[in-house]
Amino acid sequence: MVRATLKSLLARKVRLLLSGLAVVLGVMFVSGAFVLTDTLGRSFDAVFADGFSDVDVNVAGKPKVALSEAEGEQVATPVPAAVLEQVKTVPGVAEAKGVVNADGARLIGSNGKVVASFGPPQLGENWLGESDLVTLREGREPRADGEIVVNAALAKAAKVKVGDRVGVLTLAPKQEFTLVGVFGYSGGRDSIGGVNEVAFTTPVAQRLMLGEPDVFTSITAQATDGTSPESLRDAVAGALGGQYEVKTGEQVAADASASLKEGLSFINKVLLGFAAVALLVGTFLILNTFSIIVAQRTRELALLRAIGASGRQVIGSVVLEAVAVGLIASVLGLGAGIGVGALLAYLFGKLAGGLAVAGLGVPAAAVIGAFSVGLVITVVAALLPALRASRIPPIAAMQDVANPDRPLTRVTVGGAVVTAIGAGLLFLGLGGHAGDNTLATILGGVLFAFIGVALLTPLISRPVVSLLGAIFAWSVPGKLGRLNSGRNPRRTAITAAALMVGIALVTGVTVILDSAKSSISSLATDTIKADLVIAGAQSGPRPPSFDPAVLDKAATLPGVQLVDGEYGDMAVVNGTRTWVAASSNVAALERIFGTKATAGDISRLAPDQLLLSSDTASARNLSVGSTVTVQLSRGDARTYTVSGIYESSQLTNPMVLPPQAVRDFAMPQPIQGFVQLAPGTRVEDVQPQVERLLADSPEVTVVDLGSFVKQQTSQLDTPLRMIQILLALAIAIAVLGIVNTLALSVLERTRELGLLRAIGLRRAQTMRMITVEAVVISLFGALLGVVVGSGLGAAVVRALKDEGITKLVLPWSQMGTFLILATIVGVVAAVLPAVRAARINVLGAIAHD
Amino acid sequence: MTATVGQQAQAAARASDVWKVYGSGEAQVVALRGVNAEFERGRFTAIMGPSGSGKSTLMHCLAGLDSVTRGTVMIGETTVTGLGDSGLTKLRRDKVGFIFQQFNLLPTLTAQENILLPLSIAGRKPDPAWYDTVIDTVGLRDRLGHRPAQLSGGQQQRVACARALVARPEVIFADEPTGNLDSRSGAEVLNFLRNSVREHGQTIVMVTHDPTAAAYADRVVFLADGEIVSELIEPTAETVLDTMKKLDTPAEVAN
Ligand SMILES: Nc1ncnc2c1ncn2[C@@H]1O[C@H](COP(=O)(O)OP(=O)(O)OP(=O)(O)O)[C@@H](O)[C@H]1O
Ligand SMILES: [Mg+2]
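These protein sequence lines are chains A and B, in that order.
Using the working numbering, you'd call the opening residue of the first sequence number 1 and step up by one each time.
Using the working numbering, you'd call the opening residue of the second sequence number 1 and step up by one each time.
No lab work stands behind these hints: they were computed from the structure.
Being a predicted model, the structure only gives us computed values, none of them experimental.
Derived DSSO-like pairs (lysine-lysine); straight-line CA-CA distance at most 30 Å:
1) K350/A x K156/A
2) K7/A x K125/B
3) K596/A x K553/A
4) K7/A x K90/B
5) K62/A x K97/A
6) K350/A x K174/A
Covered stretches of chain B (in silico footprint by chain A; criterion: 3 or more residues with CB under 8 Å from a CB of chain A, positions within the stretch not fixed):
7) 55 to 66
8) 91 to 100
9) 107 to 120
Distance windows between CB atoms, simulated:
10) G139/B x G414/A: 50 to 58 Å
11) Q28/B x G414/A: 28 to 36 Å
12) I421/A x S67/B: 34 to 42 Å
13) I421/A x L144/B: 51 to 59 Å
14) V29/B x G414/A: 31 to 39 Å
15) L327/A x G139/B: 36 to 44 Å
16) S67/B x W812/A: 56 to 64 Å
Note that beta-carbon positions come from the ideal geometry of N, C-alpha and C, so glycine has one too.
Work the whole structure out from these sequences, hints included.
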């Protein structure tokens with residue numbers, strides 16, 4: 001029996017391979033995700049282990065505001081220089097150094113643009129001399145305040161050489177230095193993990209990177225021979241008291257690596273999410289393939305039953321087939337996943353500016369994930385067809401069975417119930433009634449909705465397919481094709497449903513993002529009364545910033561009526577973290593942003609006063625006159641009095657601090673500037689003058705309000721594009737499904753096709769018939785996808801109404817494109833099956849059994 | 001006129017007052033009306049009758065492939081009527097063999113694998129001596145590794161016969177086994193079936209339209225309109241033809 005199963009499997013290897021391909025792709029995503037995160041994780045470990053290789057003990061201040069990797073670079077509390085002297089006296093310390101080392105040193109390249117980072121920090125530091133790790137490749141160390149050295153990768157990226165005058169942006173606006181040297185790392189490396197470094201003399205580094213003299217980021221110590229790092233750590237900690245974080249170098253490396261890996265787990269989750277979509281689509285396809293194969297094998301299975309096979313043995317044989325397909329697909333998928341994971345890790349390394357990627361490793365999670373997912377999905381998908389197979393009566397072996405049309409009542413009722421559950425979950429999730437499980441509830445709702453709609457499709461398919469087919473019914477082959485696509489509603493439905501999933505997700509996501517974009521941009525253009533905006537596009541963890549002097553100079557330009565610079569920082573306010581803003585010109589709140597006061601006075605701010613949005617005020621139970629304690633990234637906590645409350649909107653910040661607070665922000669420079677012109681002044685007259693003021697602030701540009709809004713909202717385009725690319729894969733899998741279903745249908749109808757040819761249907765007509773069938777199926781799938789996607793998207797948009805997404809934008813042109821694409825896809829998918837159908841040998845087909 | 005047959009010998013299969021009604025209301029078809037028949041051990045019985053007379057239906061009911069509307073069917077000591085799926089499966093495994101007119105073999109398996117399939121489904125090993133005897137009787141030793149598509153119709157049918165025999169079932173049912181074959185391959189298959197009855201005591205029930213084929217049997221049962229109307233012992237092609245002619249005339253008058 002096992003042998004009979006395997007032989008029949010071999011005889012159908014092509015069609016099983018096609019359906020197995022969907023599983024292969026899903027498994028590839030799963031194992032690829034694990035391989036990628038594992039490889040990158042080990043690469044980071046190596047980077048940090050390297051960076052702290054000659055540090056035995058590290059002393060650092062506790063950060064005032066702890067940030068996660070996604071929120072930006074955390075500002076460490078500086079360690080006073082006196083601590084360095086104290087550490088030097090601890091017994092067991094051979095050598096101790098004060099290290100200045102902070103993110104945010106942006107070098108301006110020879111093209112006048114800042115060398116951008118897409119993730120790795122841009123460190124500004126004090127030059128500590130050469131070591132086992134660091135060696136000067138050219139020039140000498142920085143001796144004077146106007147001199148710097150940079151690492152080789154940065155020199156290459158900026159296209160600067162020793163002797164050049166180069167600009168650097170730090171906490172202070174642009175300053176010029178002479179590049180006196182270029183350094184590299186052991187092993188001939190230009191950078192460690194894509195990190196770029198600008199090294200100043202110690203006093204300059206302290207002033208520009210930490211904002212105060214005589215402080216360090218950390219103090220590193222090396223132990224004397226015979227002292228272990230751990231015992232030295234305890235000794236130093238004992239000497240300093242509990243005010244500082246004292247760790248061994250190994251510990252610091254591990255902690256730093258762990259915090260980066262947290263960011264990686266996000267990538268992992270995204271990839272696994274797409275794997276889930278691919279697998280969902282794959283499940284539909286496998287279900288379909290096995291159903292068709294079981295239908296085709298009816299006589300064979302009945303024969304087995306007639307000669308004594310039990311129902312359970314028939315189930316076993318179908319499931320065994322599934323296991324074999326699942327195993328093969330898992331192996332192939334795992335192989336492909338390892339390849340993809342390695343490739344992505346390599347690309348990531350390149351993009352991150354030369355991260356040395358660790359050797360390829362296959363974590364157990366990748367293997368376990370691949371096989372469990374591949375096997376489980378295939379077997380689950382094959383169960384239903386297997387059950388159906390076991391119900392084939394042995395007598396079917398002796399009859400010419402046309403598969404009877406089973407009634408659709410049960411599927412339809414089931415579909416309605418499942419759809420209702422999905423809708424219910426969506427309602428709960430989107431309505432915010434699911435508490436902590438909101439995301440899971442929404443995802444579950446989407447999944448149920450898809451399966452429910454898929455179950456309903458057989459019923460819908462009858463009228464819709466016949467309507468779609470009517471377009472082609474003007475010719476005999478068209479008419480036959482239309483009848484064929486309507487003749488097995490379940491098969492048509494599942495094939496179309498597979499296509500629906502991908503298209504619905506893309507459409508849904510587009511509806512949500514387009515609606516958000518349009519809502520925000522119309523709100524911005526309607527409310528912001530600025531004619532020019534100074535801003536830049538953010539690429540790394542830090543928003544672009546510019547010289548605050550530009551604000552004052554711009555204010556004096558003829559025709560300029562009002563100028564406002566916006567600053568931001570993550571702060572701890574009354575014990576909870578929140579984003580705070582500061583404005584160089586508080587009056588702008590009313591005059592530029594049209595914000596209305598709900599209490600107090602919002603037109604001015606004393607140095608010890610702040611303003612709150614109405615939402616923040618009510619959430620924190622504060623009112624005018626309340627006092628709040630604010631701990632910014634730097635400096636000490638301060639107490640402010642609430643002097644005014646303004647109406648919240650999509651565009652307002654939770655709270656606004658006076659300009660005097662800015663010097664304690666992580667970035668004490670403005671990140672956006674708004675310029676209002678006097679009535680009658682032309683934008684074109686003022687814009688070039690502001691541009692000239694920004695010559696030393698290469699991270700930003702000045703644009704009119706419309707362009708600014710477009711620039712801001714277009715930040716949503718990147719995630720949209722990524723989602724579309726990844727979901728295109730789900731759509732591609734579904735297209736494979738159409739090819740597969742058609743190919744199987746053609747095989748199944750060999751006899752009928754031969755008959756048609758025998759009575760005079762020409763080859764071309766045969767091909768047209770198959771093509772019409774394919775186009776009808778794929779159009780049906782696309783139509784379902786567009787409708788379901790718009791529905792899901794609209795539901796989400798409605799739920800986000802309170803979040804300010806007030807407009808519902810349906811991507812009509814994209815939906816139209818999908819329908820046109822579906823037509824093309826149908827034609828393409830039909831090529832092979834159609835050729836095959838046209839080649840059918842008329843005589844052979846009629847004798848076909 | 002209902003035939004009563006060989007009560008004295010032990011019956012391998014028996015139908016007692018078997019009725020089979022298909023459909024209901026307007027579309028109702030009575031395929032069998034109270035059939036009583038016994039098929040003795042070690043005998044070769046042919047069932048004949050006009051098209052639509054219920055031959056296949058009777059055979060399906062006897063073999064437990066189809067349920068009867070009324071009456072009882074027995075195979076050996078087993079009452080087939082009322083058996084559940086597992087009982088029927090066991091029956092097919094141990095007690096009955098089938099030979100069909102067409103689609104008899106799994107196209108993906110070789111001749112040998114096809115022959116051994118019922119045994120491997122039941123998880124049994126073939127008796128090597130008996131297997132050799134069967135293979136030699138069918139004369140397929142040099143074709144065992146071939147696929148059905150590489151065999152002629154007659155050879156395929158001989159493979160199907162070997163498959164039915166190798167499990168030594170209580171009774172083999174054959175529905176027009178020679179219907180698709182020319183007279184020479186048909187004769188080969190029929191000789192082979194008769195030999196297995198004469199030499200190895202196999203019981204065979206065969207449905208056929210062909211008087212020459214029926215002449216290979218020990219006995220012929222005639223069906224008309226779902227009833228057994230006549231029978232012949234030790235038939236020859238002529239006596240069978242005569243009986244068929246006789247049966248045709250009253251039937252036409254009755255219409
Ligand atoms: N599944 C079925 N549903 C309804 N009627 C049926 C079914 N199977 C057989 N019949 C009817 O029962 C009667 C007997 O059919 P059966 O197949 O037994 O005839 P037969 O004697 O084998 O004919 P033939 O020599 O043509 O094979 C016929 O009238 C037939 O139409
Ligand atoms: Mg018949």
